[in-house]
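Asks: Okay, here's what each chain looks like letter by letter:
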Amino acid sequence: MNLDLTDEQNLIRDTAREFAVAELETVAAALDRGEQLPVFFANLKKLAELGFMGLNVRSEYGGTEAGVVAFSVALTELARACASTAVTVSVNNMVCEVIQEVGTQAQRQAYIPRICSGEHLAGAFALTEPGAGSDPSAMTTSAVRDGDGWVLNGSKIFITSAPYAGVFVVWAVTDRTAPKGKGVSCFLVPAGTPGCLVGRAEEKMGQHASSTNELLFQNCHIPGDALLGQLNEGFRVAVSELAGGRIGIGSLALGIGQAALDSAIRYALERKQFGQRLSDFQAIQWKIADCSTELEAARLLLMQAAYRKEQGKSYSKEASMAKLFASEAANRACYEALQIFGGYGYTTEFPVERYSRDARITTIYEGTSEIQRLIIAREILRGVS
Amino acid sequence: MYFQLTEEQSLIRATVRSFAENELADSAAERDESERFDRPLMFDKVAELGMAGIVFPEEYGGAGADYISYAIAVEELSRVCASTGVTLSAHLSLGANPVWLFGNEEQKQTFLRPMAEGAKLGAFALTEPTAGSDAGGTKTFAVRDGDDWVINGSKIFTTNGGDADTYIVFARTDRNAEKHHGISAFIVEKGTPGFDFGKKEKKMGIRSSPTCELVFTNCRIPASQLLGKEGEGFKIAMKTLDGGRIGIAAQALGIAQGAYEAAVNYARERKQFDQPIAGFQAVQFMLADMALRIEASRLLVYQSAWRASAGLPYGKESAMAKLSASETAMWVTTKAVQVHGGYGYTRDFPVERMMRDAKITEIYEGTSEVQRIVIGTAVTRG
Chain A
1 MNLDLTDEQN
11 LIRDTAREFA
21 VAELETVAAA
31 LDRGEQLPVF
41 FANLKKLAEL
51 GFMGLNVRSE
61 YGGTEAGVVA
71 FSVALTELAR
81 ACASTAVTVS
91 VNNMVCEVIQ
101 EVGTQAQRQA
111 YIPRICSGEH
121 LAGAFALTEP
131 GAGSDPSAMT
141 TSAVRDGDGW
151 VLNGSKIFIT
161 SAPYAGVFVV
171 WAVTDRTAPK
181 GKGVSCFLVP
191 AGTPGCLVGR
201 AEEKMGQHAS
211 STNELLFQNC
221 HIPGDALLGQ
231 LNEGFRVAVS
241 ELAGGRIGIG
251 SLALGIGQAA
261 LDSAIRYALE
271 RKQFGQRLSD
281 FQAIQWKIAD
291 CSTELEAARL
301 LLMQAAYRKE
311 QGKSYSKEAS
321 MAKLFASEAA
331 NRACYEALQI
341 FGGYGYTTEF
351 PVERYSRDAR
361 ITTIYEGTSE
371 IQRLIIAREI
381 LRGVS
Chain B
1 MYFQLTEEQS
11 LIRATVRSFA
21 ENELADSAAE
31 RDESERFDRP
41 LMFDKVAELG
51 MAGIVFPEEY
61 GGAGADYISY
71 AIAVEELSRV
81 CASTGVTLSA
91 HLSLGANPVW
101 LFGNEEQKQT
111 FLRPMAEGAK
121 LGAFALTEPT
131 AGSDAGGTKT
141 FAVRDGDDWV
151 INGSKIFTTN
161 GGDADTYIVF
171 ARTDRNAEKH
181 HGISAFIVEK
191 GTPGFDFGKK
201 EKKMGIRSSP
211 TCELVFTNCR
221 IPASQLLGKE
231 GEGFKIAMKT
241 LDGGRIGIAA
251 QALGIAQGAY
261 EAAVNYARER
271 KQFDQPIAGF
281 QAVQFMLADM
291 ALRIEASRLL
301 VYQSAWRASA
311 GLPYGKESAM
321 AKLSASETAM
331 WVTTKAVQVH
341 GGYGYTRDFP
351 VERMMRDAKI
361 TEIYEGTSEV
371 QRIVIGTAVT
381 RG
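If you read the protein sequences in the order shown, they are chains A and B. Residues 1 to 385 (the working numbering) are what the first sequence spells out, left to right. Residues 1 to 382 (the working numbering) are what the second sequence spells out, left to right.
Restraint-style ranges between C-beta atoms, simulated for each label pair:
#1 B:Pro313 <-> A:Leu11: 18 to 26 Å
#2 A:Tyr335 <-> B:Thr130: 34 to 42 Å
#3 A:Ser314 <-> B:Ile363: 37 to 45 Å
#4 A:Tyr335 <-> B:Glu261: 26 to 34 Å
#5 A:Gln105 <-> B:Tyr343: 53 to 61 Å
#6 A:Tyr335 <-> B:Asn22: 45 to 53 Å
#7 A:Lys204 <-> B:Phe285: 25 to 33 Å
#8 B:Asn176 <-> A:Thr6: 47 to 55 Å
#9 A:Leu11 <-> B:Met238: 32 to 40 Å
#10 B:His181 <-> A:Arg271: 26 to 34 Å
#11 A:Asn232 <-> B:Glu33: 54 to 62 Å
#12 B:Ser34 <-> A:Tyr335: 41 to 49 Å
#13 B:Phe285 <-> A:Asp175: 31 to 39 Å
#14 B:Gly136 <-> A:Leu11: 44 to 52 Å
Derived from the structure by calculation, the hints contain no laboratory data. Source: prediction; values computed, not measured. Positions of the beta carbon are idealized from the N, C-alpha and C atoms, including for glycine.
Kindly generate the complete structure, drawing on both the sequences and the hints.
Replies: Listed below in structure tokens is the structure:
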């Protein structure tokens, strides 16, 4: 066992950190207030140029080929500064990976280089529907054969990056007679396709710069070669995407939690009450010790899941463990960090208030904590113990 | 990066697991009940597997393996019998390791080698009635008398005490020095005149592991048995405990793993409301959280062990590992009893013993509170 990052992984982490400090930290609060969106887009473009949109993607499609561990550490560094930027990067990477994994050569060439280069600022997944959240098999959006092509009808919600995505990975029912969860297929729909409409943007608690929208399909005609992967095998694509995406979201959560803890430590070393620094009180030291320990464990769980994926081993249980642990640890770290700041922590003068709001979604999206526990339990009870 | 066990590490796990399941499991409940330390089984046979000095070089009787292998050995023993796990941990990390770290060549040959080979059982005597978490409160005294040292005082809560052959004993050697500076470490062998055993503790758990009071009455030892430099004892104790935390963290990890597996097996078999209780989400979530916390702790334990072997600083990491693993062990064993329901509260199932065994891991070799101070200080200083 050797837990050292390789030189390349270190380099990518350092590059991400430098970029985050120089370009993201400075605008994160403004982005949270809904200001400076052009800077948000400019940063996505710069990140693409630095190679951060296809970290685990082959170079023939414009990717960096740096692997999953590098993806994880990069996401954590970006999220320490700006969770909205980080989630966009995470989703973009996963869109590229999914197309690389199950797409045809033509599909790969049509979309991956555009996302990796920043020509498309984003790609988006469209799985969730109003009645299909944790249970995607309840989806009703349909794709019906029309000559060589398909016609999509239905509506999706909570679609990350929808207004600036160049392409949507869309799940729709293709066989109504199949047992629940079997007759679903996956399609690639370029933005601007007639009948594919970006709807209302959600007003969210956090991650404000990252847009979250409805996506509506109204007799949306797409060609036959828009089918991604095998017909009626859409859930396999979803399961694979979600497992990889969990490493991204777990890594993002770790970054937010680390940022909150770091700011609380700095504050505790400066702030004096009762004639001594907050950091000298055991009650405060303990919060810091507990959060540090949990975040360290989260980091190791993420590394393990990323390493296993990189090595081509099974990693679904490990990714669920990492995502569950990291997102919950990040929320606790934000809670305790805000507590250490006291009243100031509740104001927008310090960033912990934003971190706390940004962290909250991480136990929900890309599979809730409850779904992660079900996945882990299923793996445990299937195994030989 | 190589985020997986080596073949050697996996082999050690398989070897120790097989020994634990085939030889320790049957008697674990009875030894707990009768508070019986079975040295031939719990130490001699473990030594025959090469575990008594697993991390030390072969020229000192060890096996030349790394700290992850050692952690795995303690974990696997403790998964079946926590008393056997702590016997090895106290022997290797606390008895033998300070001689390896601070002993001179002659001391290593005389004292480390027989411990590493498993001919002698080691122990560590730091705690006193008034010096628990605050080791600076040591009152046992050693006075220089010609070529000898004369020790007076008493130690409590010594694991392996009474049965061990070689003891690392901490005593104050300078009354005028500041609290932490006037302490020295000595190697004292069982049978030395003036070295006697007092009360054997009656404990909640790890009852098959002896915990004994040591009494020194004008106990005279040669100056050659001073370990390290005079006045260096506090540093020796703290360095030793950094490593010891890996052993206890591994012990806690093993207890948690044993209880978790018992709970999974029980949940699959036990039927209520016409289905195995593993079919209920409430039970599934408990099992998932157990597995999660164990895995998180395991990675912290292996990370600190890896750092120890790689020569990297590991004080903070071993404190994190020990804190996380011990609190996980307490939590997991409590939940494992819960999954078993009323049966879990009886001695017909091993989770009752495991829950009692788990409690001590939050206390000895630095309480959870002390670990938090170690971590909090390291993090805010860094």
